[in-house]
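Number of protein chains: 2
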Amino acid sequence: MTADATSPATADRPSADVVTAGMVVIGDEILSGRTKDRNIGYVADRLTEIGVDLKEVRIVPDEEDMIVEAVRALSARWTHVFTSGGIGPTHDDITADAVAKAFGVGIDHHPRAVEILKARLAGRAEINEARLRMARIPLGADLIETENGMPGFRIGNVHVMAGVPVVLEAMMTEVCRTLKGGRPMMSKTIDAERGEGLVATPLAAIQKAHPATVIGSYPYERDGRYATNIVVRARDSAALDAAVAAVEAMLAEVRARYP
Amino acid sequence: MTADATSPATADRPSADVVTAGMVVIGDEILSGRTKDRNIGYVADRLTEIGVDLKEVRIVPDEEDMIVEAVRALSARWTHVFTSGGIGPTHDDITADAVAKAFGVGIDHHPRAVEILKARLAGRAEINEARLRMARIPLGADLIETENGMPGFRIGNVHVMAGVPVVLEAMMTEVCRTLKGGRPMMSKTIDAERGEGLVATPLAAIQKAHPATVIGSYPYERDGRYATNIVVRARDSAALDAAVAAVEAMLAEVRARYP
Numbered sequence: 001m002t003a004d005a006t007s008p009a010t011a012d013r014p015s016a017d018v019v020t021a022g023m024v025v026i027g028d029e030i031l032s033g034r035t036k037d038r039n040i041g042y043v044a045d046r047l048t049e050i051g052v053d054l055k056e057v058r059i060v061p062d063e064e065d066m067i068v069e070a071v072r073a074l075s076a077r078w079t080h081v082f083t084s085g086g087i088g089p090t091h092d093d094i095t096a097d098a099v100a101k102a103f104g105v106g107i108d109h110h111p112r113a114v115e116i117l118k119a120r121l122a123g124r125a126e127i128n129e130a131r132l133r134m135a136r137i138p139l140g141a142d143l144i145e146t147e148n149g150m151p152g153f154r155i156g157n158v159h160v161m162a163g164v165p166v167v168l169e170a171m172m173t174e175v176c177r178t179l180k181g182g183r184p185m186m187s188k189t190i191d192a193e194r195g196e197g198l199v200a201t202p203l204a205a206i207q208k209a210h211p212a213t214v215i216g217s218y219p220y221e222r223d224g225r226y227a228t229n230i231v232v233r234a235r236d237s238a239a240l241d242a243a244v245a246a247v248e249a250m251l252a253e254v255r256a257r258y259p
Numbered sequence: 260m261t262a263d264a265t266s267p268a269t270a271d272r273p274s275a276d277v278v279t280a281g282m283v284v285i286g287d288e289i290l291s292g293r294t295k296d297r298n299i300g301y302v303a304d305r306l307t308e309i310g311v312d313l314k315e316v317r318i319v320p321d322e323e324d325m326i327v328e329a330v331r332a333l334s335a336r337w338t339h340v341f342t343s344g345g346i347g348p349t350h351d352d353i354t355a356d357a358v359a360k361a362f363g364v365g366i367d368h369h370p371r372a373v374e375i376l377k378a379r380l381a382g383r384a385e386i387n388e389a390r391l392r393m394a395r396i397p398l399g400a401d402l403i404e405t406e407n408g409m410p411g412f413r414i415g416n417v418h419v420m421a422g423v424p425v426v427l428e429a430m431m432t433e434v435c436r437t438l439k440g441g442r443p444m445m446s447k448t449i450d451a452e453r454g455e456g457l458v459a460t461p462l463a464a465i466q467k468a469h470p471a472t473v474i475g476s477y478p479y480e481r482d483g484r485y486a487t488n489i490v491v492r493a494r495d496s497a498a499l500d501a502a503v504a505a506v507e508a509m510l511a512e513v514r515a516r517y518p
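Listed in order, the protein sequences are those of chains A and B.
Going by the working numbering, the letters in the first sequence line up with residues 1 to 259, in that order.
Going by the working numbering, the letters in the second sequence line up with residues 260 to 518, in that order.
All the pointers check out, no bait thrown in.
Distance ranges between label pairs, derived from CB positions:
| hint | chain 1 | residue 1 | chain 2 | residue 2 | range |
| --- | --- | --- | --- | --- | --- |
| 1 | A | Asp-241 | B | Lys-295 | 23 to 29 angstroms |
| 2 | B | Ala-515 | A | Gly-104 | 41 to 47 angstroms |
| 3 | A | Asn-148 | B | Arg-383 | 55 to 61 angstroms |
| 4 | B | Arg-336 | A | Pro-184 | 35 to 41 angstroms |
| 5 | A | Arg-177 | B | Asp-500 | 47 to 53 angstroms |
| 6 | A | Gly-140 | B | Arg-371 | 57 to 63 angstroms |
| 7 | A | Pro-211 | B | Ala-381 | 34 to 40 angstroms |
| 8 | B | Lys-295 | A | Gly-104 | 31 to 37 angstroms |
| 9 | A | Glu-49 | B | Asp-500 | 46 to 52 angstroms |
| 10 | A | Arg-257 | B | Asp-276 | 55 to 61 angstroms |
| 11 | A | Gly-140 | B | Ala-515 | 41 to 47 angstroms |
| 12 | A | Ile-190 | B | Ala-486 | 42 to 48 angstroms |
Keeping only pairs whose Cα atoms sit at most 30 angstroms apart, straight-line, the calculated DSS-like set for lysine-lysine is:
| hint | chain 1 | residue 1 | chain 2 | residue 2 |
| --- | --- | --- | --- | --- |
| 13 | B | Lys-360 | A | Lys-208 |
| 14 | A | Lys-208 | B | Lys-295 |
| 15 | A | Lys-101 | A | Lys-36 |
Partner residues are not named here, just some residues of chain A that face chain B (Cβ under 10 angstroms, in silico):
| hint | residue |
| --- | --- |
| 16 | Arg-46 |
| 17 | Arg-58 |
| 18 | Val-166 |
Think of the hints as simulated: they come from the structure by calculation, not from any bench.
All values reported here derive from a predicted model rather than from experimental measurement.
Just so it is clear, CB atoms sit at the ideal spot from N, CA and C, and this is done for glycine as well.
So that you can see chain A by itself, here it is in the shape it has in the complex:
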């Protein structure tokens, strides 16, 4: 991993059809069940929109070693990494320090972050040591500024964001404005109206015959009856259409045979 943190995210990545991402969710409260995560689904949706494939998510506790390990592993493996959680002012907010350690750089109060903090507090509250903690940013990182609240930051290919969903969403919107995406994955969902057991064998044959697509089968239960949604995904629209036509022809046959 390199700490080439000064070049913009859009410039230091080769243009390619396939752009990947990993996500690290940081927080004891997710692992204890106290808080139900909503950020993974949000980040997944936004990345899919801009053609980035989210390939791996790790949820880790507020423990420095585990954060460092996860950030290093995913940063080395995927084009972009996104983290959520652990950037507030309290003693259990250790993400900035852990990310600095992962990149082998120091950490200090960032002048622009201190300025943002002062502007936010002006006339409302005094600067104190705890609040200043939120302005500690790894050396060489760029800030992710939003309309409200303290900034997140980017170092190398790692984007560090807040855990509170409304704040994360603002930061993710800001990041997505400049992020280099890939060729978007298109998808079509077809309700089989039959259970997986009836479609699985012909579906496997269709997947084999259409290697430029990814075909998934997602069973659901409604009124005590199991059926499945078939999702065909592809970056090429002709490949998508051909596989969808094959699935529809197969389903017409299955439905006729099992009315």
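For this one, chain A is given, so just place chain B on it according to the hints.
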């Protein structure tokens, strides 16, 4: 990692205060955002109830190498591992094969699983190759049977469950009946009614003075105002009570000073 899959889950683990777990969530649909995961929060809640600390979750795609890697890593690291997803009859359901590979064992139709499949289908549908796929279980694994549906299975310390929430919940209930838990973590939540910036410094001092507890601070926003919930957790009730008393005394002071 050993494949000592025949001994019951309760017998092969030493009794200890701290019992840990990891979870592997398997499925492209979670990573694309198409499906919003509900299983992590459920498993986290159930484990917390029985005193098991969930320490790490990994979400991986329907790709054998990534499933094998995650299962091996978490199985070696934590007392128990739970997986969700990828045990249906379609071509993208590869969890059973990946888990067999992770443990270095073969896989075949399990006589009892075939029996369950036949009983389920009796008079409704015929056995076919795809449906039989759901009865393929790694050699040496024990079944996780539920009232309805096909079973999950346990091999070594890895519990393999379905991805459909209603089915996962039934399997998790079955697993928890026999799982060796630890000394439950108790917790108390105190609404600070003030922002993190006002409580962070004294809270860090309280955490330091009460090392047998874990104190977390979880900011929330309500009607445009930020405040925070302070959560104190401990396995020992005297330690919990002492830390909670310290937090309440500190909050009384902060609230008096910043009405």
